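Participant: Line by line, the protein sequences are chains A, B, C and D.
Every position in the first sequence, counted from 1, becomes a number in this note's numbering once 523 is added.
Position 219, counted from 1, in the second sequence is what this note's numbering calls 204; the numbers after and before it change by one each time, with no gaps.
Every position in the third sequence, counted from 1, becomes a number in this note's numbering once 15 is added.
Every position in the fourth sequence, counted from 1, becomes a number in this note's numbering once 15 is added.
Just so you know, these hints were derived from the structure itself, not from any lab.
Hints are not guaranteed to be accurate.
Unchecked claim - Have a look at the derived ranges for each label pair, beta carbon to beta carbon:
1. F73/C / G890/A: 37 to 43 Å
2. I771/A / R159/D: 56 to 62 Å
3. E129/C / Q277/B: 19 to 25 Å
4. T537/A / L357/C: 43 to 49 Å
Said to hold, decoys possible - Non-contacting residues of chain D with respect to chain C, defined by C-beta distances greater than 10 Å in every case (computed):
5. A260
6. F264
7. P285
Just so it is clear, the structure is predicted and the values come from calculations on it, not from any experiment.
Glycine included, every Cβ here is placed at the ideal spot set by N, Cα and C.
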Amino acid sequence: MPDTLLKLTNIIKTFGPVKALGGVQLEVAQGEIHALIGENGAGKSTLMKILSGAEKPDSGEIMFDGKPYHPQNPAEGRLSGIAMIYQELNLAPHLTIEENITLGIEKSKLGFAKSQKTLVQEALRILGQPDLDPSTPVNTLSIAKQQLVEIARALVLDTKLVILDEPTSSLTAADTQALFEVIARLKAKGIAVIYISHFLEEVQQICDRFTVLRDGQTVGTGSMAGTSIQQLIEQMVGRSLEDMYPHIPHTLGEPVLEVQALQGKSALPRSASFTLHRGEILGISGLVGAGRTEMIRCLFGLDKVANGKVTIMGRKDLQAHYLRPEKALDSGLDLLSENRKEEGLAVNLPIFTNITLSALKRVSRFGWLNLAQEKQQADEWCTKMNVKCRDSRQEVGALSGGNQQKVSIARLLNHNSDIFFMDEPTRGIDVGSKAEIYRLIQTLASQGKSIVMISSYLPELLGICDTLAVMHRGELSAVKPISTWTDHDIMLYATSGVAV
Amino acid sequence: STENKTTTANTEGGTEKLRIAVIPKGSTHSFWKSIHAGAVKAGQETGAEIIWQGPQKEDDRQMQIQVVQNFISQGVDGIVLAPLDDRSLATPVNAAVKRDIPVVIIDSDLQSKEYSSFVATDNKMGGKLCAQRLAELLGGKGKVIMLRYSEGSASTAEREAGFLEGMKEYGPNIELISTNQYAGATMEKAFQASQNLLNRFPQVEGVYCPNESSTQGMLRALQTSGKAKKVKFVGFDANATLIAGVQNGEIHGLAVQNPFMMGYEGVKTIVAVVKKENYEKRVDTGVKLVTQENINQPEVQELINPDLDKWLNQ
Amino acid sequence: MTPKVEIPPATVMPPLPNKSKGESSSVKKVLLQFAPFFGLLSVFILFVILCPPAFYSFYNFKTIITQTVIVGIAAMGMTMIIISGGIDLSVGSQIALGTVVIATILNMGGPGVEASTGITILAALGAIAACAVCGWLIGLTTSRLNIVPFIVTLGVMQIARGVAKWIGKEQTVSTPVNNLQKLMLLDPEPEWLIFAPGVWITILLVALTAVVLKYTVFGRYIFAIGSNEKTARLCGINVSLTRMAIYTFSALFTGVASVMQYSNLTVGDPTAAAGMELDIIAAVVIGGGSLSGGEGSAMGSIIGALIMAVLRNGCNMLGVPNFVQEVIIGVIIIGAVAIDRLKHHIKA
Amino acid sequence: MTPKVEIPPATVMPPLPNKSKGESSSVKKVLLQFAPFFGLLSVFILFVILCPPAFYSFYNFKTIITQTVIVGIAAMGMTMIIISGGIDLSVGSQIALGTVVIATILNMGGPGVEASTGITILAALGAIAACAVCGWLIGLTTSRLNIVPFIVTLGVMQIARGVAKWIGKEQTVSTPVNNLQKLMLLDPEPEWLIFAPGVWITILLVALTAVVLKYTVFGRYIFAIGSNEKTARLCGINVSLTRMAIYTFSALFTGVASVMQYSNLTVGDPTAAAGMELDIIAAVVIGGGSLSGGEGSAMGSIIGALIMAVLRNGCNMLGVPNFVQEVIIGVIIIGAVAIDRLKHHIKA
Ligand SMILES: Nc1ncnc2c1ncn2[C@@H]1O[C@H](COP(=O)(O)OP(=O)(O)OP(=O)(O)O)[C@@H](O)[C@H]1O
Ligand SMILES: Nc1ncnc2c1ncn2[C@@H]1O[C@H](COP(=O)(O)OP(=O)(O)OP(=O)(O)O)[C@@H](O)[C@H]1O
Ligand SMILES: [Mg+2]
Ligand SMILES: [Mg+2]
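Kindly generate the complete structure, drawing on both the sequences and the hints.
Facilitator: Encoded structure:
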């Protein structure tokens, strides 16, 4: 094994009564790609925050590059050679690419900023983006590009370790692949990478070694070669997981949602037609920016519709033009947002409020709430969904990412619609919980609910959907049974719009 | 500059109507309405056009300076000004005089030699009158509160000073138990300050306030605390509510100026200045103490109930 | 609608072991919840020590409470607005407008010695309606044109003040004697009331606000919009309608406050309550409301208003010069919020 | 579990097709950038049509520009604060404090007929320093105690006003004749200056602000903090230090504004500039500044200040009653921002 770059021993961190980390060990060698895996709430993000200087450990030792390392703030961590790319992107949207990349390390003369265009262009070139103009404001870039800007930030400094916290959870397969290339280039430059992901295939594909966390403790570490995904899962969950994609028998019934030539006002989607039946799980695949999110937002009344005919349960009065979210909810539609933090949840309100918010009618009478009933319902969902929390009066914001996602799903289930739009329902969720959510979706279908599931993770679409359609630049392909699609067909349509 | 000379030149021709700007301190006291009426009356008599414009925010010196500047730009023939401050307004007044626009000051004085005439009440005298009245009412002894108006207002400061002077003269044995509290610019602030003062000094026997809003605020505070009529109360300025207070014995004396006369004389004087006729350097418009005894006398009635609508609603 | 979803309880993950030290932390929590109350208490005790006995006489107590009425009632409306993530700078102007409207309507009844009960009630309703229109306009503009409420209400602040001056012909409007003038008497007319009717109305309105915020769907919507507007929309809340409702509803409180202001002044005064919006906002914030939305309570806000009234009264009692009062109030505003921050720190 | 997915080699997403009309959109963009300027122009033209010829005389032009000076200079500081995502409600009080400090220092020089140049300069510096201390305190409190600037500056607004009254002994402070009083003369002393020295100083400060915002590291930090504070912190910007610098630096502008205010009033006035902060904020927002941070420009803000000055002057010229002016200004504030929103809509 090459020289050790980073060594953490017995890191302990508590947030009030919550023990997030209870004695973690982690060793990363120079120039390796190290996977950090674990269930939701295992403490991965917290550990990385400590490494980057955003949080301070209660106790424990960190050795970095042969020296004890105690960053007081993220800036210090960054300057010592540790770059952190967070789960949520961290860019100043009003500034340009160059300004973002050189933020905090500007060269100046008498206070006047000097242009560092060449340095920035060099970094962008290493990342395979030589054409990107450094004077573009970042709020006009796609998410994938924005992420590259963040990585470029690491390259303009003498960085020895890059931490990527779930970098692919908002990227599509193609962008993910591009990112892997970037990671390979980093490795070639001798930069070590800590890679956090719930996609174990990815982890296996690109990582050299791994460390598994469970409930704030290191439970295993080893070389990736010779370790199967099953073994990783066993270490994470503490037992084996037999059926990742359960199948609960269900049959397709009459059409409940018919969409013809739907066109959004904001250019996306350009044309989408499909029919959804009772008990059907319809998967939608495509590249980021293809307009899948916009399509269901249009159907739900969150975005404006330019054209198209939509029939919900055969009712004439429910055209997409007239739809507003409140009406959509009333007529049996519900939507799980892809952006949990910004849209999906009111993070500083309690869990129970979030769960019941869209179905307050059920716990109220003439506008008056029955608090006891409301709390009881929410508690039930917390138990059923296995939300890791102290109490349903806790703020949602204090939960780990995966548990927050479970709360969003609990809201949908509590509202109890007939048609579910689920946008990336398993984003940021660990394997164990994923299997739970797949089972849940199957259960819903078996009870006669219809589900439209958008996902950028192809295996799960192939694993649980009955039918599938692919979107390319706002145009939706025909819906075909899942068995007639191949990986190749899907990628072909997604990238070029050519149907087989 | 040359432009301006041409604008003043074409009005100096004499064939046109004179345009006289009248600038009050504010517009939301009935005091200013009377001045306005007086000015309009004088305007009709002399054939001048009256332009009435106060600072947009009451008690804002900066705004009043800007209003004066704007009138200079506009090239009016003369300005009648009630300055919010005895020094800040000197610069714009000097600028006006430099541009051949004469200025007459009304209501409170201005520290400038440039203005043509000063038409006002003797505020100090008014304060003294009040002190005399209060001393008489209290029989030369007792505990008295003076609630000041607002920081930095010259005319009321004179009335306060005059009152204190008068107290030394007419009631040397009277104890002034509070003289450092300010009522603030609005009536509602005056009301709260008064309430608190009355709670603090339940033994108070006499009260003096130096202007309309503070008098009204104090009157209301006396009413709500059940002290009205029991406490001897002398105030300044008149409006419908305060006159009613005098009539039913809740106010024992009200120093009333003659704002109508102030506006009237102010405009008369400025027109005389513009037409290069004779005028007085100082016009005293007088102050009168209105009490329950004299309130029904016709000359007092004319003072407190001038027929404003006759002049203003046309 | 199809039957309720039945989800079998999850089996994959073991439940999290429950935290055992709930007791001590709940004691802390209760203490923290009452932080504004303790603030009030300590300010009061401070003045009791410093002031002459007149300060803690029952009569002065009545005075303080009566002086809280106007800011207190308006603060109830502001509480809802601030919880919903908004702000309203036009409250002071609205109150002035209300007093002028009352005076104008009262004068319509003719120059009788005393205004009839009918016209008195009409006048009060008129003021409330005038404020409601302002609130509705604010809600409409913020939600339809999508302009931040700071700007909209800054504009309405000017507009309402201008309209008040216009209606009042730039003068205070005197009025015939009427029953509204008795709402704020320190010694109320039926003596058994003990406090002025305005005080009882305030207590009622505080209770109403507390109930609305906690036990109604509307209240829940207010919190949801303030906490995350997008989520609210996703969950089927008609955000622009609700926002209009919030501004209109809270303007009703402003209207009631303007009736109290009129009762205090007994005249319609277009310059009344200038700058009072800042006192009102300060009261809400001292009481734990957060300007970024999602936090605040009726109880907290009224205590905030009381703290300010005690301060003003106490300073007057001590004969402290006005400028010192201003400095003290400034320090208290910052201090109260600093303590609130600290509280959040402890909680986290 | 399904077999590993074979992913085809990376394809960078091709640009979306609907972005071809670059030309027309860039023209549009330029037009939009000048939106505040066009606003100013149209207001001006409106008044030229309505007003007597005196409105567009050169002398009146000078008057308008000179009347913009105080709000304009203070708006430069406010622009920086607003871009950084903050707000300052205490500017008006700071200006009052500044005038009182100047007057007090001038009086220290003894009761001469005219103050010496040395003491005059000292007085001006004293005022600027007093404001800087206020700004520094605001910065310190917001960043160290983590309190929203709205509250901190609301507190400082009271405190600074109280201190001003204290120093001025609750009165306007008269001063000996001195050169500062000549800064705002409509007919400047060396006649070749054409405009008052204050106007030239304003132009200089606008240029300075524009340069600082665009070309310096400090300016970039201001934008970064306003745009995304968290990112700024992660990138190693010392946010609390920078924020203190921003508030202190912009308080220097407030200090200069207070010198101009003194020059106008020729006395130290503790009640000066009450409510002026709202005018200043309105100027910045009319000029395109966004209260949520990250947006704003020196040029825009000065144009915003000019728009308000033209409005006031024009209304005076027209002889429009005050209350109508108030209503118009209220409508303009809302209207300007509504147009700005619209602009963003088109841009998006
Ligand atoms: N600021 C905080 N306050 C209280 N608890 C916290 C805080 N941050 C994290 N935690 C808790 O610490 C634990 C670990 O959280 P962390 O975010 O590190 O998990 P994670 O492994 O990254 O999970 P995920 O895969 O869902 O992102 C969780 O139980 C979480 O609730
Ligand atoms: N015209 C465009 N130019 C640049 N970026 C764009 C453009 N259109 C979309 N994007 C970027 O792509 C992102 C995702 O778009 P969208 O939500 O429509 O994709 P999607 O197909 O739903 O993908 P996913 O659900 O995986 O996010 C947008 O947030 C935006 O940043
Ligand atoms: Mg995480
Ligand atoms: Mg999407």
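Participant: Check each numbered hint from earlier against the structure, then list the numbers of those it violates in ascending order.
Facilitator: Structure breaks hints 4, 7.
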